[in-house]
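Student: Chains A and B are the protein sequences, given in the same order.
Number 184 in my numbering belongs to position 190 of the first sequence; there are no gaps in the numbering.
Number 49 in my numbering belongs to position 55 of the second sequence; there are no gaps in the numbering.
Treat the hints as calculated values from the structure; they're not laboratory data.
There is no bait here: all hints are sound.
With a straight-line cut-off of 30 Å between C-alpha atoms, the simulated DSS-like cross-links for lysine-lysine are: (1) A:Lys101 - A:Lys18; (2) A:Lys67 - A:Lys78; (3) A:Lys67 - A:Lys100; (4) B:Lys78 - A:Lys18; (5) B:Lys18 - B:Lys158; (6) A:Lys67 - B:Lys204; (7) B:Lys18 - B:Lys67; (8) B:Lys100 - B:Lys67; (9) B:Lys101 - B:Lys67; (10) A:Lys158 - A:Lys100; (11) A:Lys78 - B:Lys78; (12) A:Lys78 - B:Lys18; (13) A:Lys204 - B:Lys67; (14) B:Lys67 - B:Lys78; (15) A:Lys78 - A:Lys18.
Quick list of simulated restraints, FRET-style, between CB atoms: (16) A:Arg202 - B:Gly203: 45 to 55 Å; (17) B:Gly203 - A:Gln175: 31 to 41 Å; (18) B:Ser16 - A:Arg61: 44 to 54 Å; (19) A:Ala166 - B:Asp58: 48 to 58 Å; (20) A:Pro211 - B:Glu62: 44 to 54 Å; (21) B:Ala99 - A:Ile59: 51 to 61 Å; (22) B:Asp173 - A:Asn159: 31 to 41 Å; (23) B:Gln175 - A:Ser153: 37 to 47 Å; (24) B:Asn159 - A:Asp70: 42 to 52 Å; (25) B:Ala157 - A:Tyr238: 52 to 62 Å; (26) B:Glu34 - A:Lys206: 48 to 58 Å; (27) A:Ser153 - B:Lys67: 34 to 44 Å; (28) A:Arg26 - B:Ser98: 48 to 58 Å.
Heads up, incomplete: computed chain B residues facing chain A, CB under 7 Å, no partners named: (29) Glu2; (30) Tyr3; (31) Asp4; (32) Pro80; (33) Ile81; (34) Ile82; (35) Leu84; (36) Met113; (37) Ala116; (38) Leu117.
Positions of the beta carbon are idealized from the N, C-alpha and C atoms, including for glycine.
Protein chains: 2
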Amino acid sequence: MRYKVTLEYDGTRFEGWQSQPSGKGVQDIVERALAAFNPETPRTIVAGRTDAGVHALGQVIHVDIAREIAPIKLCDAINAHLRKYPIIALAAEVVDEHFSARISAKKRHYRYVVLNRRMPPALLVNRVWHVPHRLNLAAMQEGAALLVGPHDFTSFRSSVCQAKNPVRTLQAFTVTQHDVQIWFECAARAFLHHQVRNMVGTLIEIGRGKRKAADIPSIITARDRSAAGLTAPPGGLYFVSVDY
Amino acid sequence: MRYKVTLEYDGTRFEGWQSQPSGKGVQDIVERALAAFNPETPRTIVAGRTDAGVHALGQVIHVDIAREIAPIKLCDAINAHLRKYPIIALAAEVVDEHFSARISAKKRHYRYVVLNRRMPPALLVNRVWHVPHRLNLAAMQEGAALLVGPHDFTSFRSSVCQAKNPVRTLQAFTVTQHDVQIWFECAARAFLHHQVRNMVGTLIEIGRGKRKAADIPSIITARDRSAAGLTAPPGGLYFVSVDY
Chain A
-5 MRYKVTLEYD
5 GTRFEGWQSQ
15 PSGKGVQDIV
25 ERALAAFNPE
35 TPRTIVAGRT
45 DAGVHALGQV
55 IHVDIAREIA
65 PIKLCDAINA
75 HLRKYPIIAL
85 AAEVVDEHFS
95 ARISAKKRHY
105 RYVVLNRRMP
115 PALLVNRVWH
125 VPHRLNLAAM
135 QEGAALLVGP
145 HDFTSFRSSV
155 CQAKNPVRTL
165 QAFTVTQHDV
175 QIWFECAARA
185 FLHHQVRNMV
195 GTLIEIGRGK
205 RKAADIPSII
215 TARDRSAAGL
225 TAPPGGLYFV
235 SVDY
Chain B
-5 MRYKVTLEYD
5 GTRFEGWQSQ
15 PSGKGVQDIV
25 ERALAAFNPE
35 TPRTIVAGRT
45 DAGVHALGQV
55 IHVDIAREIA
65 PIKLCDAINA
75 HLRKYPIIAL
85 AAEVVDEHFS
95 ARISAKKRHY
105 RYVVLNRRMP
115 PALLVNRVWH
125 VPHRLNLAAM
135 QEGAALLVGP
145 HDFTSFRSSV
155 CQAKNPVRTL
165 QAFTVTQHDV
175 QIWFECAARA
185 FLHHQVRNMV
195 GTLIEIGRGK
205 RKAADIPSII
215 TARDRSAAGL
225 TAPPGGLYFV
235 SVDY
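Only chain A is shown next, with the shape it has when bound in the complex (with noise of 0.2 Å):
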């Protein structure tokens, strides 16, 4: 049986979702989690590999699963052997076996948080980037829509990032004030390694005022990391859910 199940948890703590040697990704303690009650350690095949620090409020995973189970049994029985870490199982439903969490998606979807205070955050360490500088808002909005569109975004991908193919379609990427917080939120079908972090540090470079949002389509054909601005903080992100 194939289970798809949706995962929330704090990334502070872990190396990113994917398998360490060290035992210390996400994936680690949920297949974990999952061997202990099914004989066959199974493997998690994820919908979008977090990094360390990075955090998910609906990560969604299949596996297959040899004994049949409720779903809600499967989330309880996950959740009890995560006690003692921050994730926890949301949801699960049995899929069929041509269901992919990672290639059958559609359209995922990040927030990026940021504070816009002086003062650094006492409740929200790890959670939110702290930015003390003014922002101006509307700059960032033009910024980020000159984003959205099917694009090589060479310019905004890690170094080490391995897709073949650099060019992806951001569907939306919009930039909202909440009180002393910036949303940066963002989809698409899929991003390359660091996209989301690195849209954002070059937005926040444009808020500061040292680019000009009308700088973005220059930044995109230029084809090169070293164009685009630095690489937002892990911890201000959020994965928060797939559409399927």
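Following the hints, complete the assembly by docking chain B onto the known chain A.
Tutor: Here is chain B on its own, set in the frame of chain A:
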């Protein structure tokens, strides 16, 4: 010079605001930070003495400091000494000698956050009360409205509450849904010990159908702690702000 200072803190690992023999009160940490750049150890006066585990988004204190210092420098100096702790001085201002963070307060605002979904939190551990049961929002709103006004809140105060007069005037009490969170927001010039947590605990019992909103008047007139509901846990409570 008298300074008014606004603080944000994560109350999880502290034994409440008040100074403790253990040195683990928020007050102990803040006063040590103040003492680090001020010759005498100044005592602080606080607007709301939060309990262990209760958070603050805008706690207010006043403190007398012999040295004259620009308010923003005072914040930076406090924060430099608080770096190890989840406590931040958000703002400061010079106030006249008659100002008291406690006595001058005209209205105190609290928020209580319930996470209302089947699964416990991964990201909001110690920041919300997880209530997995189905809740009747309209009934809780009706119950909250019946608590507004001047009442003898004996049924809603802790047995160790030392206030001579149990009458308080609750000026507002709203219950609103925010996705899977329910926010209970109330304001009054002053509250009794555990009053907000006991009111929220009672409203949750109403939301679960264990009590009726219409029972609120008789709970109030009982003037008996055992007539009201359980005490909501501290992690969901936020001291939001004070009006002067």
